[in-house]
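Below are the chains, spelled out letter by letter.
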Amino acid sequence: MTYIAKPKFHHPGLKKNELGYTHRDYEGKISTLCAGCGHDSITASIIEACYELSIEPHRVAKISGIGCSSKTPDYFLGNSHGFNSVHGRMPSVLTGANLANRDLIYLGVSGDGDSASIGFGQFAHSIRRCVNMTYIVENNGVYGLTKGQFSATADRGSKSKKGVTNTDNAIDLVAIALQLGATFVARSFSGDKTQLVPLIAAAIRHKGASFIDVISPCIAFNNHAGSTKSFDYVREHNDAVNRLDVLVGRDPIAVDYAPGTVQVVEQHDGSRVALRKIDADYDPHDRLGAMTFLQKHAAKGQIVTGLLYVDPEAEDLHEHLNTVETPLNTLEADTLCPGSAVLDKINASLR
Amino acid sequence: MSDKKPISSVNDFVVRFANVNGSGSASANELFARAILRHGVPVSPRNIFPSNIQGLPTWYEVRVTEAGHLGARGGVDMMVAMNPQTWDKDVAGIEPGGYLFYDSTKPMPSTKFRDDITVIGVPLTAITNSTYTDPRQRQLFKNIIYLGALAALLDMDPKLIEQLIGEQYKGKEKLLSSNVHALHLGRDWALQNLKCPIGLRVKKSDKVGDRIFIEGNSAAALGAVYGGATVCAWYPITPSSSVAEAFTSHCKKYRHDPETGKAKYAIVQGEDELASIGIVIGASWNGARAFTATSGPGISLMTEFIGLSYFAEIPAVIMNIQRAGPSTGMPTRTQQCDIIACAYASHGDTKHVLLFPEDPAEAFEFAAAAFDLAERLQTTIFLMLDLDIGMNHRLCRPLKWDDARQYDRGKIMTAEMLEEGRDFGRYLDVDGDGIPYRTYPGTHPTKGSYFTRGTSRDRYARYSEEGPVYADNMQRLVRKFETAQDLVPRPLQANAERPTKYGVIYFGSTSPAMDEAIGLLEARGHQLDRLRIRAFPFHSSVASFLAEHDFVYVVEQNRDSQLRQLIVNENGIDPVRLVPIVHYDGSPITARFIAKAIGDHQDHLKVTPLRKAVS
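Here the protein sequences line up with chains A and B, keeping their order.
Letter by letter, the first sequence follows residues 988 to 1338 in our numbering.
Letter by letter, the second sequence follows residues 84 to 698 in our numbering.
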């Protein structure tokens, strides 16, 4: 669908990160989504986060399902392998990929149809298996590619572009992720890059199942009055509990924060997250508290955003399976095959 | 009491045990089969069990066969009737002149017996209850007691059984001695109270050789260990669950790093078959050898992913332990009924490689080979077992492995090759075999990455909906499938002594019954050339075999003669020349069935000259 080749030249003075890469090195093909699509802002945020973290682009595996959101991995990290798999099945493909090579960074990109409807089961099970991944749902409450049907995250009572009122209850993926044991849970808004970029960066640095629900208005089919996923509605109802700064390394925190407003969370890999509190009482280490907070605010029609829960000491699937440190995909017959002498013994035991 | 002479046979008879499932009879019955093997006499045991855990009827059939006929025979010479629920049917199933062994603790009305069989009553419950007080012990040792009585009746060497018990309970002295005690309780009672031995006897022989006794599922799982599988994702389903369970136990023994204790494998029990195949596809995409094991319903669920594997060219190994379908069908009964479902699985134009092992030894070999084939061909390889091979112990040649063997990882473009400036097109056929190069994710900072998708794309993996670009790719996939023909195991042909116009094609678990049927047919004067198909796509020798014979019987275990359909379809031959011989009641096919079906057809074909007919 990309008919226009993206020009490769760039300004010679473009800033470089620690690895010497510029922003452009984290870009992909030109997006074919509608102009103004929230998903493109998320793409830009992923590029920004990877640039800032100085990730080697080719060490990321981008995996998606089917739908508008699932097309986006083609639009960022052009030097990474991507896999646009089967509708609703990104989580299982990502789980398998992760098992094969624990050394890559796994970025799962999905949509609300992909994760809350057809792939609800796979979403749930990948979270409860603690797969080390960053799972981003680009949530617009609507099926864009098939022209505007409700998805399972559409709020009850919200109106479709054609004027139909949704009578089904909405699935809140953040609430489910919390319940299922995700160890990094956040919600953000595609229109708020300053909140989203550090969340993505922190999620990538987090070891374990990171889940980010990003409300991402569909400009073509879900940005009208009566929708609860429109730009206007989300802006009006956005209730951010905190904002993040991601601090890589152990250097002293250079930024000045007013006392009592910042909580520093150290992650497994030594990187730190500085949480600037907006809601003074919100504790992102309290899973139960987060669930209650979320329910209470949802009942008031508010969309809670920010880092809602993090467990810095999280474990992942590889730890649970006790797998070797060496990626399984590099093992060969010399270490995998027990050999003929063992087989002779097995034969002898079967007589 | 008998008006029919009791059957007299040494090392050639069928014993069937009728039990209630969950009663612990399985291990005693298996001990019986193994004990006969230790006499140097081949056996072929089969479990006939319900889709249930406790309380329903289950049977275990042991064919004792010095001649080495490992297929099911049909008929029962001795019934060990331990299940009142099935008594009438069990008694009725005994061959005239056969034997009925039963628990005579409670008197039975004479109408419950037959007068053309020998009835052997042993008061098993009485013996058990007078010896044991614990209800569980009573249950378990009753099984060993009947085994002891049978040993006396069939003239088996008790030392060989003791030896087996000793191996089974090595290091567990208490269990060992109590089992041996129970064995002798039964044996002594029989020797003192019954005429031993009866007409059926086990005599020491030397026909077992170095063969091993193993279930196909366990052998296939071992093949996956030897073949370098590191990722296994599965969802429990009869009759395939024991593949993943065996893989788990083999890996625990052979796949842990001796220094760190860490696992050189990852096994995930998926939430369903969709997740299982998804994990396999993801792992294989990322360069690990991965497989799943399932059965018919699982295949149905996996088909979307199978299409992705075909079109996006991602290796996968699926072990399909077939059971009787359609739908839930008969979950614990055998069939070869997923041939078409697997050969053409998924929407659109697809074709897949199928491997048909005949026994556990081939299940081991083909399982290991499946991983080489999957990576070489970058597609799904189906290992087509069935319940008969998978869940029964089968006598087969020892498993072999060549230590010099390296895994064929297929066409992988490495960072070095990319650095040298090699042209990388993910779907570019560089040498005419239809197989393109692939790169593993994370290979090179700036070269060799691509976007994998189930949508159409050009040779360089760029999205395209151009007709010629799509057709070019589809044609290359056809070429790749042609390449597969010469990579998969070839058919094996065995010709009749005399030249004949008639042939027979068969595959998989039908093998032992077919071998035996050939002898029966020859005795009736029918000469048949045989071709055992071991894989799809069909090698060119299948077409030659069809061309060389007027009529070819296709013997298979499904209603719609699916392999025949596949042959007709793929070879474009006149279907009239392919005669379906189908057996599909869920029981394993027998030599008697095949010989009768083919023999009747052959008799029908023989045109009697008119003059001879009227004279």
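Rather than coming from a laboratory, the hints here were simulated on the basis of the structure.
Check each hint, because a few of them may be wrong.
Stated by the list, open to error - With a straight-line cut-off of 30 Å between C-alpha atoms, the simulated BS3-like cross-links for lysine-lysine are:
#1 A/Lys-1332 x B/Lys-530
#2 B/Lys-563 x B/Lys-290
#3 B/Lys-584 x B/Lys-494
#4 B/Lys-689 x B/Lys-87
#5 B/Lys-347 x A/Lys-1332
#6 A/Lys-1332 x B/Lys-689
#7 A/Lys-1194 x B/Lys-345
#8 A/Lys-1332 x B/Lys-584
#9 A/Lys-1332 x B/Lys-87
#10 B/Lys-335 x B/Lys-257
#11 A/Lys-1332 x B/Lys-335
#12 A/Lys-1332 x B/Lys-494
#13 B/Lys-290 x A/Lys-1016
#14 B/Lys-530 x A/Lys-1002
#15 B/Lys-255 x A/Lys-1332
#16 A/Lys-1194 x B/Lys-257
#17 B/Lys-563 x A/Lys-1332
#18 B/Lys-345 x A/Lys-995
#19 A/Lys-1016 x B/Lys-530
#20 B/Lys-483 x B/Lys-584
#21 B/Lys-287 x A/Lys-993
#22 B/Lys-336 x A/Lys-1003
#23 B/Lys-335 x A/Lys-1194
Given hint B/Lys-530 paired with A/Lys-1016 - CA-CA distance at most 30 Å: Measuring from Cα to Cα gives roughly 15 Å; hence the hint holds.
Holds or violated: B/Lys-290 to A/Lys-1016, with C-alpha atoms at most 30 Å apart: 69 Å, violated
Restraint check for B/Lys-530 with A/Lys-1002, where alpha carbons must lie at most 30 Å apart: 23 Å, holds
Hint consistency between B/Lys-335 and A/Lys-1194 [alpha-carbon to alpha-carbon, up to 30 Å]: The given pair, whose Cα atoms are some 27 Å apart, holds under the 30 Å limit.
Proposed proximity, B/Lys-87 with A/Lys-1332 (alpha carbon, max 30 Å): Judged against 30 Å, a Cα distance of about 48 Å means the pair is violated.
Pair hint A/Lys-1332 and B/Lys-584, alpha-carbon separation not exceeding 30 Å: 46 Å, violated
Pair hint outcome, A/Lys-1332 versus B/Lys-530 [Cα-Cα no greater than 30 Å]: This hinted pair is violated, its Cα atoms lying about 47 Å apart.
Pairwise hint evaluation, B/Lys-335 against A/Lys-1332, where the allowed Cα distance is 30 Å at most: 16 Å, holds
30 Å Cα cutoff - pair A/Lys-1332, B/Lys-494: This hinted pair is violated, its Cα atoms lying about 35 Å apart.
Given pair status - B/Lys-689, A/Lys-1332, alpha carbons within 30 Å: 53 Å, violated
Pair hint outcome, B/Lys-255 versus A/Lys-1332 [Cα-Cα no greater than 30 Å]: Holds: B/Lys-255 and A/Lys-1332 sit about 22 Å apart, inside 30 Å.
Pair hint outcome, B/Lys-689 versus B/Lys-87 [Cα-Cα no greater than 30 Å]: 36 Å, violated
Violated hints for the displayed structure, listed by number in ascending order: 1, 2, 3, 4, 6, 8, 9, 12, 13, 16, 17, 18, 20, 21 and 22.
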